Every structure is written in C-alpha cells, then in structure tokens.
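S.K.: Please arrange chains B and C on chain A, whose structure you already have, making use of the hints.
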Amino acid sequence: MGHDHGATVSPSENMEAFLNGLWKQNPVFVQVLGTCPTMAITNSARNAVAMGLATLFVLVFSNMLISMVRRLVQKQVRIATYILIIATFVTMVDYIIKAVSIDVYKALGPFIALIVVNCIILGRAEAFAGKNPVWQSILDGFGMGIGFFIALFCLGSVREILGAGTLFGFSLFGSNFQPWVLFLLPSGGFFTLASWLLVFAWWKERGKAKEAQA
Amino acid sequence: MNEVSLGFIFIDSLLINNFVLSVFLGICPFIGVSNKLSTAWRMGVSVIFVIVVSSVLAYGTNSLLIAMHAEYLRIITYIVIIASTVQLVEMFIKKTSPALFRALGIYLPLITTNCAVLGVALFQTARNYSFAQSVVFALGSSMGFTLALVIMSIIRERLELSDIPNLAKGTALVLMIAGTLSLAFMGFAGMGG
Amino acid sequence: MNTTAPRADMPPSSALIKLMGVVSLICGLLIVTTHQQTLAPIRHNQEIILSETVAELLPGAKKQVSYGVDASGNLSIVEGAEFAGPRLFAGYDAYGGLIGVVIEGGERGYADVIRAMFAYSPQKKAIVGFKVTELKETPGLGDKISSDKKFLSNFKDLDASLEHPIVTVKSGTKKNRWEVDAISGATISSRAVGRLLQKSTKEMIPVIQRNLQRIERGN
Chain A
1 MGHDHGATVS PSENMEAFLN GLWKQNPVFV QVLGTCPTMA ITNSARNAVA
51 MGLATLFVLV FSNMLISMVR RLVQKQVRIA TYILIIATFV TMVDYIIKAV
101 SIDVYKALGP FIALIVVNCI ILGRAEAFAG KNPVWQSILD GFGMGIGFFI
151 ALFCLGSVRE ILGAGTLFGF SLFGSNFQPW VLFLLPSGGF FTLASWLLVF
201 AWWKERGKAK EAQA
Chain B
1 MNEVSLGFIF IDSLLINNFV LSVFLGICPF IGVSNKLSTA WRMGVSVIFV
51 IVVSSVLAYG TNSLLIAMHA EYLRIITYIV IIASTVQLVE MFIKKTSPAL
101 FRALGIYLPL ITTNCAVLGV ALFQTARNYS FAQSVVFALG SSMGFTLALV
151 IMSIIRERLE LSDIPNLAKG TALVLMIAGT LSLAFMGFAG MGG
Chain C
1 MNTTAPRADM PPSSALIKLM GVVSLICGLL IVTTHQQTLA PIRHNQEIIL
51 SETVAELLPG AKKQVSYGVD ASGNLSIVEG AEFAGPRLFA GYDAYGGLIG
101 VVIEGGERGY ADVIRAMFAY SPQKKAIVGF KVTELKETPG LGDKISSDKK
151 FLSNFKDLDA SLEHPIVTVK SGTKKNRWEV DAISGATISS RAVGRLLQKS
201 TKEMIPVIQR NLQRIERGN
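Residue numbers (our numbering), protein chains in the order written: chain A, 1 to 214; chain B, 1 to 193; chain C, 1 to 219.
Okay, chain A solo, but in the shape it has when bound (with noise of 0.2 Å):
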C-alpha cells in the first residue's frame, strides 16, 4: 500500500493490487477487519456467500466511483464524502437482495445495511481508492472483496459443517450425525474464527522458519 503509482501501470502492478488483498493483506485472515459481519452471519454457507457478495459489490462500485471523484474531493470532506458514497451502494445493495430473494434478506436482516460501517470498505477508499486511479482501485475493490468473500466461505462451510452436517443445506454425513450446535451458536463463532487465525499465524511463522533455514 506504501507505494506511489505513477502514471503509467504494469500489468504486474494491476496483478499486484488484485492479489494482495486476497492473500497477503486478507482483510479478515490478516488485518482482523470487518469481523462483526464475519461472524454474525457466517452460521451457514449460504448467507456468507450472499453477505460476500454483498460486500464484494459495495467495494468494488464504492472503489471505483472514488477514485473517479478522486481528484475532486478535498482533503477536510474526504471522509464525509466516502461515506456518502459508500451508503449509497450499501441501499442499493440492500434493495437488489431484497428484489433477489426474501429468504436470504430474511436472514442477513439489518447486517446488510452494516456494510456500511465495514471498516474494510471505509479502509480501502482511504488508503487505495482515493490516491489510485480507476482501473487499480477497481481491481483493489475485487481482490479485497473476493480476500472477504474466501474468509466469510471459509468461516461459514465450517461452521455449518460442524455445526448442522449440512453443506449449502444438502446433508453431509448421514442421519447418524449428531450435531455440534455450539458452532451455529454465537461462541461458535468466536471459536471458528480464533482458530483460522491461528492456522494462519502458524503458516506464517513456518514459512518464517524456513526463510531463515535457507
């Protein structure tokens, strides 16, 4: 994120924003961001693919109409004017899913118009889509979002798996499973969530130790 663009971009470069958001800066793996989405809706595969579409929109679009603004704003209404912004795609995300299908507005509920405080969203507007140009910020919105979409997954497919043996609703293991429901409850979350996060410090820390063995 340090770097100063120029002008002209190298399609490295383009690469580069794109997948440092879904790996190496991984808004919620890696930066611990926009956790409340995270974990409030991740009790089945389902509703965290639809909030991760959801968010995916909203920063992609908020990202893009940013950066075309960019040059406009003024540094004292940077802010007022992002969340302008932002909000404005969040309601029309909020209509768009309502439009889609009931069921999944029924069980996202108000978390939808919480994207608007994801500080992920509010985050990269800040830091990338306001100093970048249109094409980079938009695929900065797509890797930071697709980064949010792969956590959400992961957190959800665990915690239905374990949780209710289902996968998108289709049953996994048989009538003879019992449940684990402590993972569809709210601690379950937690728990999901502390336990990515350390499968991710230890990977780092091993590829630390091999660094130093070379």
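One should not assume that every hint holds.
Selected chain B positions facing chain A (Cβ under 7 Å, derived; list incomplete) [to be verified]:
1) F24
2) I75
3) C115
4) L118
5) L122
6) F123
7) S162
8) P165
9) L167
10) A172
11) L175
12) M176
13) G179
14) S182
15) L183
Simulated from the structure, these hints should not be mistaken for lab results.
Note that the structure is a prediction, hence the values are computed from the model and not measured.
Virtual Cβ for every residue (Gly too), placed ideally from N, Cα, C.
M.R.: The following block gives chains B and C in isolation, referenced to the frame of chain A:
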C-alpha cells in the same frame, strides 16, 4: 408498534442478546480497546452516550422519513446522524474535560464506524419499537457493550503475566475468551420469560 | 479522520459545497433509480411468500383474500404484503367455499420474538395448521418448534372454541383437545407457542366470528 415490555427489552439487550457476545456488533473496538480497564471504561461510557443520543435522533428522523415516503434514504441519514453525534460528543468532551479527551484520543472518532451504534438505530427501526422502547433498547444494548468490554479488559489485565504460546497472543486469544464468555452469557437466555 | 488539518489551506467553502452537491446528486440518482427498479419485484416476492404460506396452511385453497383488521375489529380488503397492521388471510376452494382463515401472531420465546401463522377453521372451531415464520431460538433445541413432527401434530386439530384457553402442558401429558404437548428440552419455546396461540385466538377469533358471513362471501 411492538408489544414487548420495556423490562424485557432491557434485559434482552443487556444480557440475553448482548450486542458484542451474541449479536456480534462492535467487535472491532471490543478487540482493540479491551487491553486496559481504564480505557475500556472510558470507551464504554462514551459509547453509551453516543448510542442513546443517536438512537433518539434516529427515531425522530425515521418518523420523518416515513412521513415523507423516503425510506430509501434511511441508511444514509442514519450514518450522517451518527457521524454528527460523534462530532458533537467530541466537541463536548473537549470543552468540559480535556483530560478525558486526551485519554480517549483516537477512539472517539472511531465510534462512528462502531457497528453497535448503527446497529441500535437499524434494529429499533426493523423491530418497530416505540419511542420509549427505543430509548430502553439503546440504554440496554450500550450498557451491554460496556459490560462485555469491561469484563474482557479485566480478564486481559490478568492474562498479561501468564505464559501464552506466541502463536495465540493477540486477537486469537481474545476471540477464544470472547467465545467462552458468549457461552456463559447464553445462560441468561430464558430470563424474563 | 483528519482533525488536525491546518486551517491555512482550507479551500473556500463554496468549493466544498459544490463538491458535496455533485456527489449527493450522483448518489441520490443511484438510490432513487435502484429503489424504483426494485419496487415491483420486491412486492411481488413478498406476495408470493405470503400466498405460499397461506396455501400450505390451508391445503386445497385456490383463492385467497387478505383482510386488514383495524383497532375496533372491522375488516377491509388489503394488499397482503403492504398492510402493516394485523391481518387475516381467508382461503377458498375451487367452488368458492371458505376453507379457513390464517391468523398471525408473535410472542417472545427463549432468545427472541417468535412469529408464526396458523390456520383456523370456523366450521371445526379449531386450529388446523401452524407454521413458524420467524425464530431465533437455540439451534437443535428451541428451533424444534418449527420442525418437530410430533410437536406440529398438536396443531392438526387443536380446540379453539375459546371455552378453554389454549395452554402448553408438560411433554407427554396432553389430555384435552385444547392442550399443546411441549417438546422436552424446549419447554420455554413450546410455552411461548402456547401463549402466542392463546393470545391471538382470543383477539382474532371473535373478529372472525363477527364478520364470518362477509369472510364467507369473500368481499
């Protein structure tokens, strides 16, 4: 209008459906500000103030929006209300208690993106709460937030000297404790029933 | 949040206002367009869900009429999904005969408010169907009230003549037609269902009885 009694709303939002531990709102400050009891306390009190004020304002605005058939502006107006309430509280504290202002520092403006604040406004609208119900709900849930924050900070102060594997230090540990707390808070369910 | 910006390089406020005006204009256009584009499909979806639930509760219903109930208990025909107050949904067979009336109710359960719809048959003076429409009860325990077959069989023919109020009794001790047999391990949620039925039947059945001829005609 919703038929639920005020006492139940209070207990429900304070303990049973605690905002942090069971609805997952306000997790970011919960993780970020819970390492010291004194800061947790201050943060909690300012959040209570902001939530109650913005809840009252949101209630009024919502009635106005419904009268104007402009419900589609709800999200935008709510976020504007919250941002201005936070700004107001900031100015107020700066004037009345510079020491508190310095102590709160960066956390004050951060309340704007605390989802618990917007959460209260949105939930009270979604549940069709009356004015009194909204205020009680705002009080209960913000006090619930403070309660969770304070409990967590007390636990974390104790943990400071204990021997924890490097891997688990930081957020993962906080989340594990929060999960256990959340399990404990489940015991409150059924109260007031 | 940049609160420490030096005052010196503050641009003229007219520029700020112009900027906010342009941004608000774009945002306003986007929101209003989406709102108008999605209005019809949203309403359509809500209608479909409502009529599917009513059809499920009143098997064989070919035609449905939604009534809104005002404070003094008078009926008026409404668009089901739009009306905010208490509603009744009447279902009719292919020949226009009244099968039953679907009533809505809500009551606080273990974790949060439980909402449900149930079918009332004026001929049998009994509840003949029940469906939970909203619940956040504990998964694996309280949420059985929406799926447990034995529990749901309580509502195939539950006395709603109002001579005895509907009550929930301990699991396995149901003796009378107005009693609801609780699920063991989900007593609080089962009791909430009993209270929900008791309350809504007491409110709505007199309204239905009073307006029965009108509901039978379907106007």
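S.K.: With reference to the structure, classify each hint as holding or not holding.
M.R.: Hint check:
1. A cut of 7 Å between beta carbons decides the hint on F24 of chain B: the least distance to chain A is about 4 Å, and the hint holds.
2. Interface restraint check: I75 of chain B against chain A, minimum CB-CB distance 5 Å, threshold 7 Å, status holds.
3. Interface hint at C115 of chain B: satisfied, since its Cβ lies 5 Å from the closest Cβ of chain A, which is below the 7 Å cut-off.
4. Residue-level restraint check for L118 of chain B holds (minimum Cβ-Cβ distance to chain A is 5 Å; threshold 7 Å).
5. The beta carbon of L122 of chain B is positioned within 7 Å of a beta carbon in chain A (closest approach about 4 Å), and the interface hint is therefore held.
6. Nearest Cβ of chain A to the Cβ of F123 of chain B: about 6 Å, under the 7 Å cut. The hint holds.
7. The closest approach between the C-beta of S162 of chain B and any C-beta of chain A is roughly 17 Å, which is over the 7 Å cut-off, so the hint fails.
8. Annotation: P165 of chain B was flagged as interfacial toward chain A, and the flag is violated, the nearest CB pair being 9 Å apart, outside 7 Å.
9. Interface restraint check for L167 of chain B: the shortest CB-CB distance to chain A comes to about 5 Å, inside 7 Å, so the restraint holds.
10. For the restraint placing A172 of chain B at the interface with chain A, the shortest Cβ-Cβ distance is roughly 4 Å, inside the 7 Å limit, so the hint holds.
11. With a least beta-carbon distance of about 4 Å to chain A, the hint placing L175 of chain B at the interface is held under the 7 Å criterion.
12. Given the 7 Å rule on beta carbons, the hint for M176 of chain B holds: about 5 Å separates it from the nearest Cβ of chain A.
13. For G179 of chain B, the interface hint holds, since its Cβ comes within 7 Å of a Cβ in chain A; the closest pair sits about 3 Å apart.
14. Interface hint at S182 of chain B: satisfied, since its Cβ lies 4 Å from the closest Cβ of chain A, which is below the 7 Å cut-off.
15. Taking 7 Å as the C-beta cut-off, the interface hint given for L183 of chain B holds, the closest approach to chain A being about 4 Å.
Hints 7, 8 from the list above are not met by this structure, while the remaining hints are.
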